[in-house]
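Engineer: Spelled out, the chains give:
Number of protein chains: 2
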Amino acid sequence: MPELRKDPVVGRWVIISTNRAKRPSDFLHSKVELKGGFCPFCPGNETKTPSEVLAYRPNSGGGGQKNGSGWTVRVVPNKFPALGIEGTLNRQAEGMFDKMNGLGAHEIIIETPDHDAHLALLPVENIESVLWAWRDRIVDLKQDRRFKYIMIFKNHGEAAGATLEHPHSQLIALPIVPKHVSEELEGARRYFIMKERCIFCDILRQEMENPIRFISENDDFLVLAPFAPRFPFETCIIPKRHESAFENLSSHQMINLASALKQLLLKCEIGLDSPAYNLVLHTSPVEESFREYYHWHIEFIPKLTNTAGFEWGSGFYINPTPPEESAKFLREFEVSRTIQRIK
Amino acid sequence: MPELRKDPVVGRWVIISTNRAKRPSDFLHSKVELKGGFCPFCPGNETKTPSEVLAYRPNSGGGGQKNGSGWTVRVVPNKFPALGIEGTLNRQAEGMFDKMNGLGAHEIIIETPDHDAHLALLPVENIESVLWAWRDRIVDLKQDRRFKYIMIFKNHGEAAGATLEHPHSQLIALPIVPKHVSEELEGARRYFIMKERCIFCDILRQEMENPIRFISENDDFLVLAPFAPRFPFETCIIPKRHESAFENLSSHQMINLASALKQLLLKCEIGLDSPAYNLVLHTSPVEESFREYYHWHIEFIPKLTNTAGFEWGSGFYINPTPPEESAKFLREFEVSRTIQRIK
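As they're listed, the protein sequences go chains A and B.
Using my numbering, read the first sequence as starting at 1 and increasing by one per residue.
Using my numbering, read the second sequence as starting at 1001 and increasing by one per residue.
Misleading hints may appear alongside valid ones.
Simulated restraints on C-beta separations [unchecked claim]:
| hint | chain 1 | residue 1 | chain 2 | residue 2 | range |
| --- | --- | --- | --- | --- | --- |
| 1 | A | Gln92 | B | Ser1274 | 47 to 57 Å |
| 2 | A | Asp219 | B | Ile1085 | 30 to 40 Å |
| 3 | A | Arg331 | B | Glu1094 | 17 to 27 Å |
| 4 | A | Gly11 | B | Glu1288 | 42 to 52 Å |
| 5 | A | Phe80 | B | Gly1037 | 54 to 64 Å |
| 6 | A | Pro211 | B | Leu1164 | 53 to 63 Å |
| 7 | B | Pro1211 | A | Ser51 | 41 to 51 Å |
| 8 | B | Gly1037 | A | Arg146 | 55 to 65 Å |
| 9 | B | Cys1042 | A | Ser336 | 47 to 57 Å |
No wet-lab data here; the hints were simulated from the structure.
For glycine and all other residues, C-beta sits at the position ideal for the given N, C-alpha and C.
Taking the hints into account, I'd like the entire structure generated from these sequences.
Structural biologist: The structure is reproduced here in structure tokens:
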């Protein structure tokens, strides 16, 4: 069983993953090779993954078989999970340290049957299906009272940490709220106590008055560069209407989120020459369905050549690209209709 | 002038560096090339760097010339600084956002005249000189009341963010205390309020009673794997005697720090096949010379193949190597005396 351990000074929980334990020798010459070989996520190989927990088979007329083919999106438990799904937390001390069982769920959302596809180049309807799969899994896992937070993210490309090429995103359900989430919640709560307004709603209003960091919008979503981004081209997709939890989205919003996401990914794919990227859903912890002070959003960070080196060393962020410049570039970059349709 | 901007939600300050501004096109095909070409840090090229702020010329009999050759360690301002040294902070609002001038110092500690050397393979005395240079620069910059924190770190190897091959470390003096530092201070302060003991001193004692994460020690320093490390082989060098500020080291401690550091670097260099790494000095902010609750230390993180990908995406750390295993490996790895002497 993996272990969750808490840093005694800063209070950060870390998974010490014994399942995937790496011995020192594993680090020598262990470069990840993404290309070629057998892919467990491809259609026809459904039995090579753990049994699916969700799949959409829209064209099977309801006759699709579990773990059979014909799916458009398929969700399976990770074969090498960072956390174990069985058992209890068993919180305990180790001297002055705190630890508990590494209990949780780790799932893979296989975004398309097409091994060579990119999320950016899928039709909007398919992207929407991926987002529905995120939502459906959150709604299901929320019923398990052992989980406090459900984290959804996507690592695209080796430089962003992907270890398999087939397009996929990941879900991790945790018995704790991760530090980066609780910091955001705490900051937003402090602001709300002072102003009785959601800080994200205030940011939205201000950024629309003087749209120098504005990238794009539709009826339901705004795409922005943050005021103090850590990385070049860091971008935020945020719903215009206040809502603390992603899973409360309306169908209308879901279509518009898929569309905003596709636009952003396409602009980066073409304008920034197919960068690796990370995408993280920031949503409310599960125990409360609505928070006045928190506002869910998606954080998008392309991994641009070596610019991410500095803060590794210093623990401090230096961003060489002002967000006003990256926003201008993405705002003005036209993705031609031909490209959108052909791909 | 670069700008310091504060994230309105989590309160993290970020440098938006206009000096080194990257336009979108700079990210295309801009792979850093470390090898070959002209090196401004090599002896004979002293005029190609900004004028030195410190240099040790032990063999010149006091006759060494500023910006001349004959130095063993040389400190120069960064030619492309992330922060500007002139002017005032000029704190101001931009609507609901907070910003100030990116005031600060950014210096390069050139660790040796030998372009092809490695810190790990330098004689202990030379490593000690590098540490003295860190100290001397901190003591000097502390007099500038505009600075709140002096950060010292080293990025070794391209994967760790180094952009120049010649061995060097970096210093950044900041008008704010970085978030990762204030979190550590705050956690240690909370513990002190509760227990009236330094949390780091308590950790030291506990780790020596059951030394499963122990790596090595000498009279003054302990080398340990942390209980909840974020990365494989993350390691901490910590003084045995309570002291909050690095610059208060005795000469005796300085020699032993150089020796502990060399041992650790050599073990990793040989045992882990010359990994890229980051090394960060965690020391007290400058305004107070002694804190009962804080204990300075050095954090060492080798960058092992692609294992650092996950947390980029998730904002959450999964460490595949239990610290007890990495500590055992480093503890038991013998660096032969021959290697130590020859290199």
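Engineer: Does each hint hold? Answer for all of them.
Structural biologist: Hints, one by one, checked against the model:
1. A:Gln92 to B:Ser1274: 47 to 57 Å: Roughly 39 Å apart at Cβ, these two residues miss the hinted range, so it is violated.
2. A:Asp219 to B:Ile1085: 30 to 40 Å: At roughly 49 Å between Cβ atoms, Ile1085 of chain B and Asp219 of chain A fall outside 30 to 40 Å, so the hint is violated.
3. A:Arg331 to B:Glu1094: 17 to 27 Å: Holds - the Cβ-Cβ distance for Arg331 of chain A and Glu1094 of chain B, about 19 Å, lies within 17 to 27 Å.
4. A:Gly11 to B:Glu1288: 42 to 52 Å: Violated, since Gly11 of chain A and Glu1288 of chain B (Cβ atoms, about 23 Å apart) do not stay within the stated range.
5. A:Phe80 to B:Gly1037: 54 to 64 Å: Violated - the Cβ-Cβ distance for Phe80 of chain A and Gly1037 of chain B, about 42 Å, lies outside 54 to 64 Å.
6. A:Pro211 to B:Leu1164: 53 to 63 Å: violated, 39 Å
7. B:Pro1211 to A:Ser51: 41 to 51 Å: With a Cβ separation near 44 Å, Pro1211 of chain B and Ser51 of chain A satisfy 41 to 51 Å, so the hint holds.
8. B:Gly1037 to A:Arg146: 55 to 65 Å: Holds: the Cβ-Cβ distance is about 56 Å, inside 55 to 65 Å.
9. B:Cys1042 to A:Ser336: 47 to 57 Å: Hint holds: Cβ distance 49 Å, inside 47 to 57 Å.
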